[in-house]
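Let the sequences and hints guide you as you build the complete structure.
Next come the chains, spelled out residue by residue.
Protein chains: 4
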Amino acid sequence: MAKLWGGRFSGDTDPLMDAFNASIDVDIRLWEADIRGSIAYARALHRAGILTAEERDRLILGLERIWGEFAEGSFRLEPGDEDIHTAVERRLHELAGPLAGKLHTGRSRNDQVVTDTRLYLLDRMEVLADALNSLQEAIVRVAEEHLDVIMPGYTHLQRAQPLRFSHWLMSYFWAFQRDWERLDDLWRRVDIMPLGSAALAGTAIPIDRKALAADLGFADISPNSVDAVSDRDFILEFLAWAALLGTHISRLAEDLIIWSTAEFGFVTVAEAYSTGSSLMPQKRNPDALELLRAKAGRLQGNFTRLATTVKGLPSTYNKDLQEDKEPLFDTVDTLEMALPILERVIRTLQLHPERMREAITPDMLATDLAYYLVDKGVPFREAHHLVGRVVRRAEELGVSIDALPLDAFQAISPHFGPDVYRVFDPEQAVERRRVPGGTAREAVLDQIARAKRLLHAE
Amino acid sequence: MAKLWGGRFSGDTDPLMDAFNASIDVDIRLWEADIRGSIAYARALHRAGILTAEERDRLILGLERIWGEFAEGSFRLEPGDEDIHTAVERRLHELAGPLAGKLHTGRSRNDQVVTDTRLYLLDRMEVLADALNSLQEAIVRVAEEHLDVIMPGYTHLQRAQPLRFSHWLMSYFWAFQRDWERLDDLWRRVDIMPLGSAALAGTAIPIDRKALAADLGFADISPNSVDAVSDRDFILEFLAWAALLGTHISRLAEDLIIWSTAEFGFVTVAEAYSTGSSLMPQKRNPDALELLRAKAGRLQGNFTRLATTVKGLPSTYNKDLQEDKEPLFDTVDTLEMALPILERVIRTLQLHPERMREAITPDMLATDLAYYLVDKGVPFREAHHLVGRVVRRAEELGVSIDALPLDAFQAISPHFGPDVYRVFDPEQAVERRRVPGGTAREAVLDQIARAKRLLHAE
Amino acid sequence: MAKLWGGRFSGDTDPLMDAFNASIDVDIRLWEADIRGSIAYARALHRAGILTAEERDRLILGLERIWGEFAEGSFRLEPGDEDIHTAVERRLHELAGPLAGKLHTGRSRNDQVVTDTRLYLLDRMEVLADALNSLQEAIVRVAEEHLDVIMPGYTHLQRAQPLRFSHWLMSYFWAFQRDWERLDDLWRRVDIMPLGSAALAGTAIPIDRKALAADLGFADISPNSVDAVSDRDFILEFLAWAALLGTHISRLAEDLIIWSTAEFGFVTVAEAYSTGSSLMPQKRNPDALELLRAKAGRLQGNFTRLATTVKGLPSTYNKDLQEDKEPLFDTVDTLEMALPILERVIRTLQLHPERMREAITPDMLATDLAYYLVDKGVPFREAHHLVGRVVRRAEELGVSIDALPLDAFQAISPHFGPDVYRVFDPEQAVERRRVPGGTAREAVLDQIARAKRLLHAE
Amino acid sequence: MAKLWGGRFSGDTDPLMDAFNASIDVDIRLWEADIRGSIAYARALHRAGILTAEERDRLILGLERIWGEFAEGSFRLEPGDEDIHTAVERRLHELAGPLAGKLHTGRSRNDQVVTDTRLYLLDRMEVLADALNSLQEAIVRVAEEHLDVIMPGYTHLQRAQPLRFSHWLMSYFWAFQRDWERLDDLWRRVDIMPLGSAALAGTAIPIDRKALAADLGFADISPNSVDAVSDRDFILEFLAWAALLGTHISRLAEDLIIWSTAEFGFVTVAEAYSTGSSLMPQKRNPDALELLRAKAGRLQGNFTRLATTVKGLPSTYNKDLQEDKEPLFDTVDTLEMALPILERVIRTLQLHPERMREAITPDMLATDLAYYLVDKGVPFREAHHLVGRVVRRAEELGVSIDALPLDAFQAISPHFGPDVYRVFDPEQAVERRRVPGGTAREAVLDQIARAKRLLHAE
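Line by line, the protein sequences give chains V, Y, B and R. Numbered by the working numbering, the letters in the first sequence go through residues 2 to 459 in order. Numbered by the working numbering, the letters in the second sequence go through residues 2 to 459 in order. Numbered by the working numbering, the letters in the third sequence go through residues 2 to 459 in order. Numbered by the working numbering, the letters in the fourth sequence go through residues 2 to 459 in order.
By construction, these hints were calculated from the structure, which means they are not laboratory data. Heads up, some of the hints might be wrong.
Copies of the same chain are indistinguishable here, so a pair counts whether it falls within one copy or spans any two.
Calculated lysine-lysine pairs in the BS3-like style (CA-CA distance at most 30 Å, straight line) [as the list claims (entries may be wrong)]:
id, residue 1, residue 2
1, 326, 211
2, 326, 453
3, 453, 211
4, 377, 211
5, 377, 326
Just so it is clear, the structure is predicted and the values come from calculations on it, not from any experiment.
As structure tokens, then:
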């Protein structure tokens, strides 16, 4: 079959150029959206008086048959099928004859492709929102289960202060919650129908765009036809969203990779998400986590790719925009795999609370020692300085700070009394942080309750 | 003065390391936010029973004096001032003595710096929202003014169909409107107070975080202390927002640069936003637009920079996060300059409607010629093909399609009648696109009215 | 078949995890390199006394048979084939029995995969070097053919000074020449064999690494086993190389897209590299060039992707490195298509010298007018200023500067004489730029001669 | 003073536009290169007959005086000084009168700025090459010093096989060596003089470009004037080089950050490169390393920034190119600080060999156990599988594999004999890897010797 646009052309194209130009390998994945869009468009053309009821029905019948062929895997691509729109139209022509030629009335591939892409993305965003929710549920569940596990908290990867494991884990709940909210915000900007914009100036056919949007389930119609065919913001915003989500995944993965080293030994990743070595029989590698960490680069690369492509592009449709789909599809695929994997890694994670507890050394209570002095009226900055001296003194004597004799304490500050040794109980330190957002039991329980309410609402 | 954290350290640091580590050159810009935060924190410490009313007042008096010093430019940095927090605390110590040491009670630079940054960003976001609004207003105004200017619309930078200039210009209104909405969405995620999270585990002091947030004007408090000190999402999201806005600016600039070439000659950029050449006396270069186009790279680079930095970072605070401020500040500065420049370029843009009109050639009405056939009952795809042959025939005869004799038309399709020549009126073609979002006068007026309502509401 | 590394594992993995972990869909493309590597390795194991001559030959026979299966498309993947190495080893086991198990002696997938990747890349770099060369040859040829075509040169997209078309075109020759040289430099850093590094510490088997490298055609062996399995610099450098090349392609495409607008009309892209519109029958869009311009984003995205992934990665092999292959393969594929397309677009480009000539307006000779004054002893900066006044005066009178009456010239400077009108010959202006690298005929011919010598040498 | 290019302009520019357009805050750093370039250019103009010897000397005298003013810090910027070229020319005019106006004869800011930038970069590349060399020397020295320290080698951050610390450290020597070689390759592409290209078409003045290049110390002249003013490849390649170097720095930093945790405890960063906490008195944070890790993002961002900016730019000079200097300068500054800091961190790094040795557990010898079986004739893959069973058996019995009784070994394979226990000596395992590039003492010494030869040669 001749190309859709071949009329004015005399010569042939170069087969290499056909391959370079074709997008069918990539955009075939839009088949469902494309057919849905065409069925609704046939109805709109009928309403606009372009198609009779009988013509409309014949076209829809043909389109439904093509839908069936795709669904059952029997649709056959032909050499001329340069993109999904062409493929469907070519097949419809085979099924419905010249009548198929009426379906394109007042429609351009410029508005068609971006309508398809929006329909597709709305579908996938639902799937991703669910996957994010399941991940958050897993986090809440594991956090509840291990509420009383206390571990060292780190800053700069140096032991800092004792922390509930659940408190650490819940910190990712909130990061993912922001991702959820951002996705929700983005929804409104994807849920807009560009169809009826035609090539760039708006269709010359009196299509009822609002009715067409309602038919396709879109919340709104695009307000400007030039913008409608130019704009790939909804994809870029999705890719930026994914890049940000990717950083969260990578950080959580990094924490768990470090904690599953022999040296930390705080957690063990389930065998199902680990692999061995082809050379070293003893190895158990946290491959799932490493791949999750790596995906951040991929997701960021996808954003860079499209953002650079649209930079400085003249307005309306340029063929450059054809390059929008691969980063979009790759990002969708990556996350549809990564989110459930992460969820499962967390659900099956084995904790080693005793290793965590052993790693809480008395010097992690140094801040609490400073508060001990503050309670006795020493300004905090001075208390901090005095405790610094306690730490050095203990180092000089080669003992841990809770083993420093009282006179050593008192040589540094007379405010130290025999009750100083009570400071060195990690449990108490944790419970002292009972402000909202703190690591005390009550505060973490409040946090979990709030999280559950949010999950319930979503 | 000794370093804030120097207590346990015996040796000296390397001066090169001091320079490498210091952030004061960059974060000094947070002085106002830092002092505001400290004043509110002094009040919170009083409420928590850590400071007497008199101590609180003395600290506030000192902080206000420091505020004054910064405001009038008399604040003097000292060698040890490694960051803005240290500088303010050092100076407060000079003014208020050891009492200054109490202000840091239960607060860490980890929660302090992120609180400062959020306060700063909220301020700048207001400025940017205003700048965006002014730009949108300029667009609407210029669009209204030139409502009846018709120009060639392009796809692939090839002449496509006639378009109202206003319709083209308004297409950017909607892109910027999305930016405005995204900024509004982002606001909720910036407007959250991390203070009270301390180093990572939550403060051990019974600070009333909600009252403190209210005092500082924050809408909410952070729900998890680990997340609060780890999270730079609000900056990343802002940088991604700016990168997207940057692509819009670059595309608008590209359109205008091309249109202000001698060859297009559709617009002239006002002299105030052009420059000449040091070698070629006749030149008038659209420098403002070129710089605006270029900024997209800068804004995208800033996003890449921070996204790469946080990738794979262990949770809580790591010093790597100190690198968040330069891309943030640079992005703010870039946009605070670029948006008003763009606004002014648009307000002062000189149009050449006659050049635009001359550029509308009859072949741009080819789609309308196809619709002429559709109206006579020819399926669109066939009509499209027949018009393709008309175009070729005219090329062969070396005439424009509106000069093709009737018999030449009829040799291609008997549906062509003498009324075919009426198709070649660009005004009519424009008016035919009267669907919502189309380029017809009425549709553009509706668009402008909707835009004004939105601007009014913001 | 059980996993290569399954010995110590008791449980099963999750099928989703198998899919997430598997790389076979991607790395199957390394089959040829993998088998070549294994054949050479079998010989090395024989030399090391691990295999008898007969065992070596049986393994090679098996490997050659697998090679044949891949080459003829009959190789069948099995469910457990998680990567290309596993697939080949599994099949070898079927063909050669337990003997196959000896091939992995002293080898790890860590050194195997990076050896395969280097072999693959060396192959593709040769293809790309040839493609680059052909493109450069096309440029030289077209430049020679149109040596006497004079066009307006632009800066800031504003008409600046007359230029030979060939001179403009040759400017890209040199950009691609730098790409060629960079590829040549990169070669040395790819042409290094990591095999023998085993998992990370070097193989415990007395493999003669230099002989093995010679067998595989590598110029050198890696000097440090830890670096050898960690390092993906050769891929990153290749991706950065491609990103830079991509910017050249995008700029050349942009020039030609602008010049093929109706308004410029300097060139026409051959039909074979253009496409039409599904809606607008008159359209002829430079799709090939738009896609070429867009690829810059893709290539840059691929660099970002891997650079972000390796950022902050602990040394030696981490599973994150598995993500290196997709950006590599995509970059190779993109360029293996883009370079020949660009070459063909250039070879078939139709020029419109008369349109170019018409676009050379007298004001483009303003710099030459300044030199006229310089020749009369006026300092250049003053001459530049005076000519600026000439330009303005002509604008005021509404004439072009070459139509300004002599007294108007002389009112601005007494140095202007009747010979001033001779300045306004573009040909002469072009010929005045005869320094090396200038646009005069002789200088361009020298340039072309030098280019040919370089191409000849490569 | 009026703008250099003001002649034809009637109106004023907008002060905001002046600020937006000006680059003087950034490019003032080019003062030295700019003046050097102008002095050489004055000599070239004399050779070309444009300046008398006396004029040349007066200009040079003036330029030298300006040089002195910059050097001693007394140069004063004036409001109209939009860039460094304008500032120098304005000042020269003050000193030398109208004669100053002759210096610009046949030169444009387009070729001048890129000449300055190349001169600047060549200077900085020398400094960076030295810094890289010093870092490499430090690595070699520390590697030699600790040759006999054996530590666990990791893959996937899981204990893998014993390794010499020096072998690990030397792995970075080779990464930095590649950076050195890349910098050396880049040198040739920076060391090219664009001066004489004028605005875009080549200068109309008969400048002897080769003599001018020799005077400025450039190795070659640019072959095409259009390319010369368009091309920013040398900056982009430098930025890509730096981004790659940044990944090496980030990986080395990550290794050391993890190893300086309390849990690993393999190294301690010197106090001079650590900092404490404002809240937690016991903390000693490896800030220098964290900042070094973070810089990878910054360096990558700088590349993205410029690559995106030049993407799709029309050829010759566009104002967009003014944005090249900030990423360049920022990258230079970052590395001129980061490389010496890293060098010093390494030189002062404290090792804890006993902690490293303790972390070498018997299961890290599992590969060697497999080789034990290979030596007895078991094919490697089977041996690997049998050792996997040994590992599991030991886990079941709750003992380490070297404590497994002989009968347990023999129950798994009859090839195990009483000599099996000799396998579990890490020193022997290390010494077994004596292939070139392996971790055996001899192999590491060879590596160090080769490294020293390279450093000597550079």
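- Task: Please flag the earlier hints that this structure goes against, numbers listed from lowest up.
- Result: 2, 5
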